[in-house]
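These are the residues of each chain, in order.
Number of protein chains: 2
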Amino acid sequence: MTKSEVKLLGAWPSPFVMRARIALNIKSVSYEFLEETFQPKSPLLLDSNPVYKKVPVLINQDKPICESLIIVQYVDDVWSSGPSILPSEPYDRAIARFWATYLDDKWYPTLRSVRGAKGEDDRKKLITEVGEGLTLLEDALNKTSRGKDFFGGDQIGYLDIAFGCFLGWLRVTESLTGVKLLDQVKTPCLVKWAERFCAHGAVKDVMPQTEKLVEFAKMLMAKMAASTPN
Amino acid sequence: MTKSEVKLLGAWPSPFVMRARIALNIKSVSYEFLEETFQPKSPLLLDSNPVYKKVPVLINQDKPICESLIIVQYVDDVWSSGPSILPSEPYDRAIARFWATYLDDKWYPTLRSVRGAKGEDDRKKLITEVGEGLTLLEDALNKTSRGKDFFGGDQIGYLDIAFGCFLGWLRVTESLTGVKLLDQVKTPCLVKWAERFCAHGAVKDVMPQTEKLVEFAKMLMAKMAASTPN
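In order, the protein sequence lines correspond to chains A and B.
Residue numbering for the first sequence is 1 to 230, as defined by this note's numbering.
Residue numbering for the second sequence is 1001 to 1230, as defined by this note's numbering.
There may be inaccurate statements among the hints.
List time: in silico EDC-like cross-link candidates among lysine to aspartate or glutamate, alpha-carbon distance up to 16 Å [stated by the list, open to error]:
hint: 1; chain 1: A; residue 1: Lys63; chain 2: A; residue 2: Asp105
hint: 2; chain 1: B; residue 1: Lys1063; chain 2: A; residue 2: Glu89
hint: 3; chain 1: B; residue 1: Lys1054; chain 2: A; residue 2: Asp105
hint: 4; chain 1: A; residue 1: Lys186; chain 2: A; residue 2: Glu132
hint: 5; chain 1: B; residue 1: Lys1106; chain 2: A; residue 2: Glu36
hint: 6; chain 1: B; residue 1: Lys1106; chain 2: A; residue 2: Asp104
hint: 7; chain 1: A; residue 1: Lys54; chain 2: B; residue 2: Asp1105
hint: 8; chain 1: A; residue 1: Lys106; chain 2: B; residue 2: Asp1105
hint: 9; chain 1: A; residue 1: Lys54; chain 2: A; residue 2: Glu36
hint: 10; chain 1: A; residue 1: Lys186; chain 2: A; residue 2: Asp139
hint: 11; chain 1: A; residue 1: Lys63; chain 2: B; residue 2: Asp1062
hint: 12; chain 1: B; residue 1: Lys1106; chain 2: B; residue 2: Glu1129
hint: 13; chain 1: B; residue 1: Lys1148; chain 2: B; residue 2: Glu1132
hint: 14; chain 1: B; residue 1: Lys1124; chain 2: B; residue 2: Glu1174
hint: 15; chain 1: B; residue 1: Lys1186; chain 2: B; residue 2: Asp1105
hint: 16; chain 1: A; residue 1: Lys106; chain 2: B; residue 2: Asp1104
hint: 17; chain 1: A; residue 1: Lys125; chain 2: A; residue 2: Glu195
hint: 18; chain 1: A; residue 1: Lys143; chain 2: A; residue 2: Asp105
hint: 19; chain 1: B; residue 1: Lys1053; chain 2: B; residue 2: Glu1035
hint: 20; chain 1: B; residue 1: Lys1007; chain 2: B; residue 2: Asp1062
hint: 21; chain 1: A; residue 1: Lys53; chain 2: A; residue 2: Glu36
hint: 22; chain 1: A; residue 1: Lys148; chain 2: A; residue 2: Glu195
hint: 23; chain 1: B; residue 1: Lys1186; chain 2: B; residue 2: Glu1138
hint: 24; chain 1: B; residue 1: Lys1063; chain 2: A; residue 2: Glu132
hint: 25; chain 1: A; residue 1: Lys212; chain 2: A; residue 2: Glu174
hint: 26; chain 1: A; residue 1: Lys27; chain 2: A; residue 2: Glu5
hint: 27; chain 1: A; residue 1: Lys63; chain 2: B; residue 2: Glu1089
hint: 28; chain 1: B; residue 1: Lys1186; chain 2: B; residue 2: Glu1132
hint: 29; chain 1: B; residue 1: Lys1007; chain 2: B; residue 2: Glu1032
Hint data in this document are derived by calculation from the structure and do not stem from the laboratory.
Everything numeric in this text was worked out from a predicted model, so none of it was measured.
If we strip away everything but chain A, and leave its shape as in the complex, we get (with noise of 0.2 Å):
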């Protein structure tokens, strides 16, 4: 039996993890998928994000690559083995890292937090806050896209794979509130992008399906439920 060179370690509702695989795929790399059940974290897990204890970690010739997208940037580097993920020219690169770091400091955050509202104002501003977010989306993708399919252009690349990501949990918000934010009224263009990247075949096989993430998504609040003092 050869020793997999490159592993991953992640776990299924993970969208930080889903963009490690995603790039793997573009990229036609194996990888050895090392789930983390976190009880307790692995001695791998710890060993290789001593600062973080995260997943994904990406794990190439006995070295560790912690960060989603430090992980998406260096499997572009290191393999050429399929279309570049970054945009090629400095300034798309430049806005599309700006972009993907407004989703991660910002639009990602305030999604999450829909869950944990307190109360119906609360779920109502956070609400209108992520429709703001998607609609300046809508317009980053009418503007990058060049009227092509892709954030990246004719092919996913890396906007697409940090927004896409997080698709799934945003269907789960929608299921949870019974709100639809991804909206053909406000955002026609990311609808059809959603649909289209959700189909391509790199994706296809580590989207999560929306029902078995809200399943995991009430487990997650009745915990937290659980633990929170009355």
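Once you have looked at the hints, place chain B on chain A.
This is chain B only, laid out in the frame that chain A set:
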């Protein structure tokens, strides 16, 4: 009068603006520095960075680029008129990006919060966390410099810029708290690195004097105290 092709919207006390200036200096790029007063924010800033409305913004050929680490990467991509800023090896690039992200997401927010600490216990806890971060960075310096002068080797690079821009505010915190954070005993290599970094040709003219920064910090703290209800 010819219109300058490269403009930087900035503010002298901002460590993030300093990153862009150092990157431009490394590449010997002439640029027009537009000091923002924020009273009110300039139309050019609001127009160039509508999402965050923050400095730095680099404007090259009328195209704005926002977020300091993205600007540094963009400058490295566009201008070959100086040494490379990002390491040449993909793994080294990933490691430099990891620590730069750690600095922005974790270490610097902790350093900044020392100024607003609620009582002595909170202040001590935060100072301990800052010190623990410096120990991690001392270790990273020893690993990535491979016995050379900088994180980037012989030349200052991405991680030198990402970390070095915080040295002024680290000294402000030392001055305000009376606690030596960059310490000869605990972080001897960082102490020497900081001296070399501040004396570097691309840095020395854009690194603010500590006394001037301390005055600025005291003014900020006084403003904050005046606006906090009793």
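Taking the numbered hints from earlier one at a time, note which ones the structure violates and give those numbers from smallest to largest. 1, 5, 11, 13, 15, 17, 18, 24
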